[in-house]
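With the sequence shown counted from 1, adding 1492 to any position gets you this note's numbering.
Just so you know, the hints here were simulated from the structure itself, not pulled from any lab data. Do not take every clue at face value.
[Said to hold, decoys possible] Estimated spans, in silico, between C-beta atoms of each pair: (1) L1555 / L1515: 30 to 40 Å; (2) H1524 / R1559: 45 to 55 Å; (3) D1517 / D1547: 44 to 54 Å; (4) I1558 / D1522: 48 to 58 Å; (5) D1535 / A1513: 28 to 38 Å; (6) L1515 / D1547: 42 to 52 Å.
Just so it is clear, CB atoms sit at the ideal spot from N, CA and C, and this is done for glycine as well.
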Amino acid sequence: MEWLHTLTIIASVAGIIGGYAFLFDKRFGDLHKRIDDTNRRIDRLEEDVREIQGDIKEIRKELSEIRWLLHKALEIPHKGDK
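I would like the entire structure built from these sequences, with the hints used as guidance.
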């Protein structure tokens, strides 16, 4: 009878460990999916930031041109230029 009880206990423990291993595997799979989703979102945000930086550079160039044009348009002639 002792061997029968020992085998029953071993089978029960193996079943419990197997069940927990399945749950942990599922949880790690879910965690992996969440990490992948987060990485995709970060990649999209980085692309958006690069695009915004490019737009800012274009806006700065246009502002420099506008300043130059305003400076030329509003330039006050000197007394000797008459």
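| request: Could you see if the CB distance from D1517 to D1547 stays within 44 to 54 Å? | output: holds (45 Å)
| Supplied distance hint 45 to 55 Å, evaluated on CB atoms of H1524 and R1559 | holds (52 Å)
| task | Using the beta carbons of D1535 and A1513, state whether their distance is inside 28 to 38 Å or not. | result | Distance hint for D1535, A1513 holds at roughly 33 Å.
| task | Evaluate the given range 48 to 58 Å for the C-beta pair formed by I1558 and D1522. | result | holds (53 Å)
| query | Does the Cβ-Cβ separation between L1555 and L1515 fall within 30 to 40 Å? | reply | Taking Cβ atoms as reference, L1555 and L1515 lie about 59 Å apart, which means the hint is violated.
| message | Tell me if the beta carbons of L1515 and D1547 are separated by a distance inside 42 to 52 Å. | response | holds (48 Å)
In summary, the one numbered hint that this structure violates is 1.
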